[in-house]
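Take a look at the letters that make up each chain.
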Amino acid sequence: MSVDAVLELEWARLRADLVAAGVVVDLGAPGLYAQGPDFVRAYRAFDALLERTFACLDAEVWQFPAVEARPLFERTDYVASFPQLTAALVAFTGGNPEHAELIRVRSDGGRWEELLEPAGVLMSPAACHQLYGVLAGTRLERSRVFDLHGACYRHEPSPDPLRMQAFHQHEYPYVGDAAGALAHRDDAGARMHDLLLGLGLAVDYQVANDPFFGRVGRVLARNQLSAAAKYELTCPVFGADQPPVALGSANYHGTHFATEFSITGPDGEPAHSSCVGLGMERVVLALFAGHGMATADWPDAVRSRLWRGPGERA
Amino acid sequence: MTDHADGDLAAIREALEKFGRLNRPLPEIADDDDLFAAGFTSHATVNVMLAIEDALAIEFPDELLNRTTFASITALANAAAQSRGSR
Numbered sequence: 001m002s003v004d005a006v007l008e009l010e011w012a013r014l015r016a017d018l019v020a021a022g023v024v025v026d027l028g029a030p031g032l033y034a035q036g037p038d039f040v041r042a043y044r045a046f047d048a049l050l051e052r053t054f055a056c057l058d059a060e061v062w063q064f065p066a067v068e069a070r071p072l073f074e075r076t077d078y079v080a081s082f083p084q085l086t087a088a089l090v091a092f093t094g095g096n097p098e099h100a101e102l103i104r105v106r107s108d109g110g111r112w113e114e115l116l117e118p119a120g121v122l123m124s125p126a127a128c129h130q131l132y133g134v135l136a137g138t139r140l141e142r143s144r145v146f147d148l149h150g151a152c153y154r155h156e157p158s159p160d161p162l163r164m165q166a167f168h169q170h171e172y173p174y175v176g177d178a179a180g181a182l183a184h185r186d187d188a189g190a191r192m193h194d195l196l197l198g199l200g201l202a203v204d205y206q207v208a209n210d211p212f213f214g215r216v217g218r219v220l221a222r223n224q225l226s227a228a229a230k231y232e233l234t235c236p237v238f239g240a241d242q243p244p245v246a247l248g249s250a251n252y253h254g255t256h257f258a259t260e261f262s263i264t265g266p267d268g269e270p271a272h273s274s275c276v277g278l279g280m281e282r283v284v285l286a287l288f289a290g291h292g293m294a295t296a297d298w299p300d301a302v303r304s305r306l307w308r309g310p311g312e313r314a
Numbered sequence: 315m316t317d318h319a320d321g322d323l324a325a326i327r328e329a330l331e332k333f334g335r336l337n338r339p340l341p342e343i344a345d346d347d348d349l350f351a352a353g354f355t356s357h358a359t360v361n362v363m364l365a366i367e368d369a370l371a372i373e374f375p376d377e378l379l380n381r382t383t384f385a386s387i388t389a390l391a392n393a394a395a396q397s398r399g400s401r
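So the protein sequences, as listed, match chains A and B. No gaps in the numbering here: position 199 of the first sequence is 199 in the working numbering, and each next residue is one more. Positions in the second sequence are counted from 1; adding 314 to them yields the working numbering.
In case anyone wonders, no lab produced these hints; they're calculated from the structure. None of the values given here were measured: they were computed from a predicted structure. All C-beta atoms, glycine included, are put in the ideal place defined by N, C-alpha and C. There may be inaccurate statements among the hints.
The calculated label-pair distances, taken between Cβ atoms and stated as ranges, are [said to hold, decoys possible]:
| no. | chain 1 | residue 1 | chain 2 | residue 2 | range |
| --- | --- | --- | --- | --- | --- |
| 1 | A | 194 | B | 351 | 36 to 46 angstroms |
| 2 | A | 118 | B | 364 | 20 to 30 angstroms |
| 3 | A | 267 | B | 340 | 43 to 53 angstroms |
| 4 | A | 98 | B | 347 | 53 to 63 angstroms |
| 5 | A | 191 | B | 341 | 44 to 54 angstroms |
| 6 | A | 206 | B | 340 | 35 to 45 angstroms |
| 7 | B | 371 | A | 95 | 40 to 50 angstroms |
| 8 | A | 134 | B | 351 | 28 to 38 angstroms |
| 9 | A | 240 | B | 347 | 42 to 52 angstroms |
| 10 | A | 100 | B | 341 | 52 to 62 angstroms |
| 11 | B | 399 | A | 240 | 39 to 49 angstroms |
| 12 | B | 377 | A | 62 | 29 to 39 angstroms |
| 13 | B | 320 | A | 98 | 51 to 61 angstroms |
| 14 | B | 340 | A | 69 | 26 to 36 angstroms |
The shape of chain A in the complex, shown without the other chains (with noise of 0.2 angstroms):
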């Protein structure tokens, strides 16, 4: 059998495992789930237990809506690098005639969504897009730091049950100078290591690189790994014979976001950034694949962690 086979045999398990049990409920699409009472027990005491361990950050908390406006998407660069994740949303822009088309066309099973017009919306790769919006054109006095937690959409149906479509990043971005962002992605990425191992995940803390599409995106992955530039928190969810997970990452983005969105430091040249951030339903799928399917039954060790006291127990 090759390698892909055992692979996508060992998603199907886990897949049939989560969903025999009640922790997610397949909707329809490949990587859209439900996610029932006991995976939202967890998500919410991991997510707790991770403001609790960064809130020596003292970040700034902001929130931003599911969907980008198109010149903030525009000028992140995503689609030059990413096309194959990037989605647009359409909408309908018509009168009668174009009502009555679209009833016929639907009623013959057709694709009606082709009659749709782009309406100047993108779906939100990442949690962090819109912070640059906000700080777009400002002259920063001192470091800043962030705490975000947001919906994410990228187009990469697949069957393996940690590669969703629609997800939450929490991430910890800092924008400021570039020893304190390269110090922050350290700091926050060994202490997101940190927690990630008290809860039992045997994560590895390795140089990686982003899947920039195609020939031209083989220099920007080679650049940064050559740089250096990301870090992924990667889980062996499917054993160690198999690819490992990444569950988040810790990036050094240079002055790439400052230069585009014109975000200056005290000196007057662009800011450099970082960010530390996870993937929250990968974690959430990580615990469960690792410590059974039912919260009930996982290790004392993990379960006094993520629920404190007796108040807070599952």
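Starting from the known structure of chain A, arrange chain B on it as the hints suggest.
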């Protein structure tokens, strides 16, 4: 390799002019100057690479898709010559 076709150098300079987003005027940049020191970014290399490939009807081979290839105008001209030779 030191002798580059004038057409190659002109096409490379034109691609950098249009897509390089450098922080110095291109005429001030010598063929051997470090482009990254002149504000060239990883993301800008993507557009420049596609423009050069298009103008010269070449395709950089996989092993040249790295930062060294984009370090200077001379390095790009060498890569263009090498791409032609590898076809």
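I'd like to know which numbered hints this structure contradicts. Please list them from smallest to largest. 3, 12
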